[in-house]
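**Student:** Protein sequences appear in the order of chains W and A.
Just so it is clear: in the first sequence, position 94 is 93 by numbering that gives the first Met the number 0, and no numbers are missing.
Just so it is clear: in the second sequence, position 116 is 115 by numbering that gives the first Met the number 0, and no numbers are missing.
Simulated from the structure, these hints should not be mistaken for lab results.
In this text, all values refer to a predicted model and were calculated from it rather than measured experimentally.
Be aware that a few hints might be false.
Just some of the chain W residues that point at chain A, by a computed CB distance under 8 Å [stated by the list, open to error]:
(1) SER46
(2) ASN50
(3) ILE78
(4) ARG79
(5) ASP82
(6) LEU83
(7) TYR88
(8) LEU144
Positions of the beta carbon are idealized from the N, C-alpha and C atoms, including for glycine.
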Amino acid sequence: MTMPFYVPPEQLMKDRAEFAQKGIAKGRSIVAAEYADGVVMLAENSSRALNKIGELYDQMAFAGVGKYNEFEALRVAGIRHADLKGYSYGRADVAAKSLANAYSQTLGAIFTESVKPYEIEILIVEIGPSPDDTRLFRVRYDGTLVDEARFCAIGGQEDELSAQLENRYQAGSSLNDAIKFTAETFEAVEDKSIGPEDWEAAVLDRTNGRRMFRRLSADEITAARS
Amino acid sequence: MSLELPSGLPLNAHVPADSFYELLRSHSLQPQWELSEGSAQSLAAPEATTVLALRYAEGVVMVGDRRATEGHSIAHRRIQKVYPADDYSAVAIAGTAGLAMEMVKLFQTELEHYEKLEGARLSLEGKANHLARMVRQQLPMAFQGLVVVPLFCGFDEVANEGRLYTYDVVGGRYEEEDFAASGSGGREAKAFLRSVYSEGASAGDALRNAIAAITAAAEQDTATGGPDLRREIYPTAVVVNDSGYNEVDDAHVAELSQSVLEEQS
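Hey, can you work out the whole structure from these sequences and the hints?
**Tutor:** If you want it as C-alpha cells, here you go:
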C-alpha cells in the first residue's frame with residue numbers, strides 16, 4: 000500500500016499560488032479607467048470572437064484575463080446571477096458589491112478545494128448616476144477582493160501598466176482622451192504600436208440609457224486616437 | 000459536474016447555456032401552477048383589451064389602448080400593453096393582464112440573457128418562436144379561462160424589413176403580411192384597418208391609422224379605452240424600424256388622437 004506524502008499546508012498554498020500566477024503572467028492585460036461619463040475598458044486582443052470584456056447587467060461589465068475557458072465560465076455565472084436577481088427582485092437590486100463577493104467566494108473555494116486553481120483574474124466594473132458611484136472590483140485567483148479607484152490594470156503586465164497609468168491618468172477626461180492615454184500606456188509598456196484591429200474596447204457610459212455597456216469599433220478607436 | 004457553491008454563483012454546467020427559463024427552472028423559480036379543474040373560473044383577474052400592429056414601408060407600428068377591465072367594470076385606466084422586447088422588437092399583450100405582464104418580463108429577460116451570453120441577438124424568427132413556446136406553456140391556465148394572446152413585431156436585421164407575428168391560445172405562431180389585432184376590440188380594429196390599409200404607407204400615415212383604429216374599436220367595444228382627453232390618457236404607440244424600437248412621444252400621440260377624434264365625430 001502506498002502512502003501519500005505529507006505536504007505542509009503552507010507549501011501546498013504556495014505551490015498553488017505560484018501555479019496560478021504563472022498562468023496569469025502569460026496572458027495579456029486589461030486596463031479600465033474612469034472618464035467623465037463612465038469607465039472605458041481596453042485590452043489587446045486580436046480575436047474578434049473570443050472576448051475578454053463583456054456586459055454583465057445594465058450598469059455592470061466584466062473583464063477577465065488568463066485562461067479563456069475559466070473566466071468565460073465565471074462571466075456566464077455572473078450574468079446568470081445578475082439576471083436571476085434582477086428578475087426575482089428588481090433591476091435596481093443588482094449591485095456589483097454582492098456579485099464581487101460571490102465571485103470572491105467562488106474563486107476562494109476553487110483555489111482551496113479543487114484540483115487546480117483557476118489561472119485568471121477578473122474585474123467587475125460598475126457605474127452609477129454620479130462619478131462617485133463608480134466601482135472597480137478586482138478578484139484574484141485565490142478569491143482576494145480589492146476595491147480599486149480611478150483606474151485598474153489586471154493581467155501579466157499589471158505592475159508596469161499601473162505605474163505608467165499613475166503618470167498618464169487624467170481625472171474627468173473625455174472618452175477620446177481616456178482611450179488615448181490608456182492605449183498609449185499599453186504601447187509604452189509593450190514598446191510597440193498596436194493596430195486598431197488588435198484592440199478590444201468597451202465602455203460603460205452613463206449617457207447610454209438603461210443598458211450602459213457598449214463595445215467600441217476599430218474605427219471609433221482610430222478616430223479617438225487621431 | 001455541478002459546481003454549485005454556497006456563494007450562490009450558478010456555475011452548474013448541466014443547465015443549457017443560453018436559456019434563462021431553464022436556469023429559473025433549475026432553481027425552481029419558474030412561473031408554475033398546479034390548479035384543480037375549474038378553480039380559476041371564479042377568479043376575476045383584470046383583462047388587458049385591445050392591441051394592434053401594422054406594417055408600413057420601413058417597419059412596423061404597434062399601438063395599444065390603456066384600459067384593463069374586470070368583468071363589466073374598469074380595473075385600470077393607464078396600464079401599458081405595448082413593451083419593448085429588445086432593441087429591435089416589441090410585444091403587445093392582450094388577455095389576463097397579470098399573467099401577460101409576467102410573460103413579457105420573462106421574455107425580455109430571456110432575450111437579453113441570450114444576447115449577453117452569446118454576444119449576438121436572437122434572430123427575429125428565433126424570438127417569435129420562443130414567444131410561441133411561452134404562450135404554449137400557459138396552456139393549463141388557458142383551460143382555466145386565463146388566456147394570454149400577444150402580438151409580436153420586430154425589425155429583421157437580415158431581411159432588412161419589419162415583420163409581424165400573431166399567436167393563438169395554444170401557442171400557434173402566424174406571420175402576418177399586413178396588420179393584426181388582438182383582444183376584445185380586435186375585431187373592430189381589424190375591420191377598420193382593412194378599410195384604410197395600404198401597402199408601403201409612410202410611418203406617419205401608419206401611425207395615424209393605428210390610432211384611428213383604436214379609437215374606432217373603442218366606439219364599439221366597451222372594454223377598449225379610446226383617447227381620453229379629459230384625463231389626458233392616450234394610447235401607447237411604438238414604431239420599430241431599422242433604427243430599432245422607438246416609443247412615439249406622448250405629445251405627438253395626443254395631437255394625433257385629437258385630430259382623429261375630430262374626424263370621426
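**Student:** Output the numbers, in ascending order, of every earlier hint that fails for this structure.
**Tutor:** 1, 7, 8
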